[in-house]
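Chemist: What follows is each chain in one-letter form.
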Amino acid sequence: MTSTLRGTPLGRRGFLRLAGGAAAVTALPAGLAACGGSSGGAGGTLRLVGVADQQKPLDLLTKDYTKAKFTTSYAPTDQVQTSVRTQLGAGSAPDLHVVYPGNGSAMSMAQIAQAGLLADLSDQAWTKKIPENFKPAFQHQGKTFMYSAGASVIGAIYNKKVFQEAGVEPPKTWGEFLEVCDKIKKKGKVPIALGAQTQWVTQLITYALVPSTVYAKNPQFDGQMQAGTASFAQSGWADAFTMYLDLQKRGFFNDNPNGTTFEQQTSMVATGKAAMAIQVSAVLPDFRKAAASPDDLGMFPVPGAEKEADVWIPAGVVVGLGASARGKNRDAAKAFIDHLGQQQNVNRWAEAVACVPLFRDGTSKIDPVLNDFLPYMEGNKAVPFMDQAWPNAEIQPAHFAVVQELLGGKTTIPQALAKLDETYRKK
Amino acid sequence: MASTLRRTPAEPAVRPASAGRRRRRGGFLSPPWWFAAPALAVYALVVLYPSLSGVLYAFTDWNGLGERSFVGLDNFGKLWGDDAARGSLVNTLLLTVAIVLVQNGVGLLLALGVHAKIKSRTVLRVVFFAPAVVSPVMVAFLWKYVYNPAPDAGLNAVLGAVGLGGLRQDWLGDPSLALWSVAGMVIWQFAGYSMVIFLAGLEGVPVELHEAAMIDGAGRFQRFRHVTWPLLAPAVTINVMLSTIGGLKLFDQVYAATNGGPGHASETLSTVLYKQAFVFGNYGYSTAIALVLALFVAAVSLVQIYYLRGREVTS
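Line order of the protein sequences matches chains A and B.
Just so we're aligned: the first sequence equals residues 1 to 427 in our numbering.
Just so we're aligned: the second sequence equals residues 1001 to 1315 in our numbering.
Be a bit skeptical, because a hint or two may be false.
[What the hints assert, rightly or not] Distance condition first, Cα-Cα at most 16 Å in a straight line; then the derived EDC-like pairs of lysine to aspartate or glutamate:
(1) A/K143 with A/E132
(2) A/K135 with A/D255
(3) A/K217 with A/D239
(4) A/K273 with B/D1082
(5) A/K69 with A/D59
(6) A/K426 with B/D1082
(7) A/K185 with A/D239
(8) A/K249 with A/D182
(9) B/K1117 with B/E1203
(10) B/K1078 with A/D367
(11) A/K183 with A/E169
(12) A/K426 with B/D1152
(13) A/K161 with A/D296
(14) A/K426 with B/E1203
(15) A/K185 with A/E132
(16) A/K186 with A/E165
(17) A/K426 with B/D1074
(18) A/K419 with B/D1082
(19) A/K273 with A/E165
(20) A/K129 with A/D361
(21) A/K419 with B/E1203
(22) A/K410 with B/D1174
(23) A/K160 with A/E351
(24) A/K365 with A/E351
(25) A/K187 with A/E169
(26) A/K160 with A/D361
(27) A/K56 with A/D286
[What the hints assert, rightly or not] Here are a few chain B residues that face chain A, going by a calculated C-beta distance under 10 Å:
(28) R1220
(29) A1265
(30) K1275
Worth flagging that the hints you see were computed from the coordinates, not collected in a lab.
Ideal Cβ placement from N, Cα and C applies to all residues, glycine included.
Please construct the entire structure, taking both the sequences and the accompanying hints into account.
Modeler: Listed below in structure tokens is the structure:
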């Protein structure tokens, strides 16, 4: 083929070369390109960006709120984190957006608040009712920058029919837990479904055990870590990892947990192929949706100690909402959050995501499957999810990676803990 | 067999000085450039300017939100000592080598197959090329089903059905296999793309040369070795270059299929730079990685162009 344009022949060879040149130029990685965001919300309309977990409660609550109009969008966590953080950096943040409690992730309250990008909510009445032990999740330098409807817990979501067939009851101690798993295994069922290919799932068993192996013995552990007088390696984290791997060695997990996803884990428990999954209560709706009947499923605290009295549980503030400090509609956004802080709205949000309301009155309803967790929360035997107190956003992914490597036999517990300590000390 | 092919001269032929001046004078003001100008302007505005201005961030400690300060070459020093980045570089190179060799090998075989005078060749061309136009993320999700670790699902089920049950694997969950499983899905997706470029090259091989070689008594393999292969050199150049660049930049399939895991087993430079920017909030460091990656891709591409074009021949 030849081109007749101005006498410059373009043969096949020339075309291929040209294409190659163009390809080389476009090889510049996308990471080099500056990312821009869309403009702020149109006048009077609040732009809200949340994660998928927030859609159900926010659809309910924005629909009934008459003082503003909304344009809403929801996406999986990593996508929202990428886009909203970029918009925050570019000065075009949504009026209302997802915020993660405490510190320890790139979209966490402390990280965004210290950059001056979250509106101060401290003058709102509901902030006075935040329980003392949850304040670090909501506050930075004494000011409240995030709204959240309550706390979710990590425990074992279990299939009641499988438990009945195996003739077992929810255990109260670690020894009983192992016995229950053993009996279920002998019945030909998978005792614990683990979808460790989905990275956030990897952390949940450690988080379920660490309150008992670390915080029950040393409630000041987080402070000591910050002061540099404690370490993962020299703490009950080693016990938690040992117990985690012990479950694998005893064959209590499904085959190939590193190749199994959250969705597969959910399906295994919901259909009765597996007896339980150690999960956060916020995903109960996913499990119920996959089950023949929601009543087939229950939840119990994972007993990470040999004595019932020594069992502590993880209870973390659920993903929240913040108002952009620099948005054109900041006051309207803050007013909506104030509205969310009213008891009936806290209750509605909490019911929608099966969490324990941040504060309660006689009208508050708690999902019955969470009843077993309330004594721990009311008895000061509940600690926030570990990452909410971590000083940088790299430790949580490091934890995901070392758990996958432990499950894959590619590292040892001392090496994994050393990696976590090294990452914790990064500035 | 005496070859009738000759190498492309390494140096351009000397032309009268006046001809060169005429071409330069026509240059950017001539009509073909006018046609390209709007696209070039958009490209410069949307790609070149942001990319080049982004280079400045590589020398700062910007976290994507707050103020930034100049840190000189600190980010590059950090990259040198970063185990995760070094590991991802090794993974990236291994992936690239596998992709370049296997994808182009399969692409060439497919091209030779569908170049033959068979009735179904048009359909086959479409079928083999089809995966190349599918979104890489969709391909990754599709292959997550293929790579399902359950013995009665996906690839494992097929292996079991044909009596190769002993080869069943946890394709994406085994740290020693994950990287190669990702390579497999990329090769599946783009082998057809390589095929199309090789087909273009095959269409340009003069039939007369094959006929002459047949008269000389050359067999099928000899004709391929001495006639087809030398004339495919331009297609080889572009295919090797495109697959090298694609391999070095590989992100979508890895991120969607394994997120770099298990552990860091399938981490590539692109996933590391993405995580540094969007997960950890280290935008300055991430841009430094992107800059090094861009320079690395450019250097490898230039070396390839220089080496492979020197081997090209004309009929």
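Chemist: If a hint holds in the structure, say so; if it doesn't, say that too.
Modeler: Here's how the hints hold up against the structure:
no.	hint	in the structure
1	A/K143 with A/E132	13 Å, holds
2	A/K135 with A/D255	41 Å, violated
3	A/K217 with A/D239	12 Å, holds
4	A/K273 with B/D1082	42 Å, violated
5	A/K69 with A/D59	12 Å, holds
6	A/K426 with B/D1082	12 Å, holds
7	A/K185 with A/D239	24 Å, violated
8	A/K249 with A/D182	12 Å, holds
9	B/K1117 with B/E1203	12 Å, holds
10	B/K1078 with A/D367	49 Å, violated
11	A/K183 with A/E169	11 Å, holds
12	A/K426 with B/D1152	44 Å, violated
13	A/K161 with A/D296	7 Å, holds
14	A/K426 with B/E1203	58 Å, violated
15	A/K185 with A/E132	42 Å, violated
16	A/K186 with A/E165	11 Å, holds
17	A/K426 with B/D1074	15 Å, holds
18	A/K419 with B/D1082	13 Å, holds
19	A/K273 with A/E165	12 Å, holds
20	A/K129 with A/D361	12 Å, holds
21	A/K419 with B/E1203	56 Å, violated
22	A/K410 with B/D1174	10 Å, holds
23	A/K160 with A/E351	22 Å, violated
24	A/K365 with A/E351	7 Å, holds
25	A/K187 with A/E169	15 Å, holds
26	A/K160 with A/D361	31 Å, violated
27	A/K56 with A/D286	12 Å, holds
28	R1220	24 Å, violated
29	A1265	7 Å, holds
30	K1275	7 Å, holds
When each numbered hint is compared with the structure, violations occur for hints 2, 4, 7, 10, 12, 14, 15, 21, 23, 26, 28.
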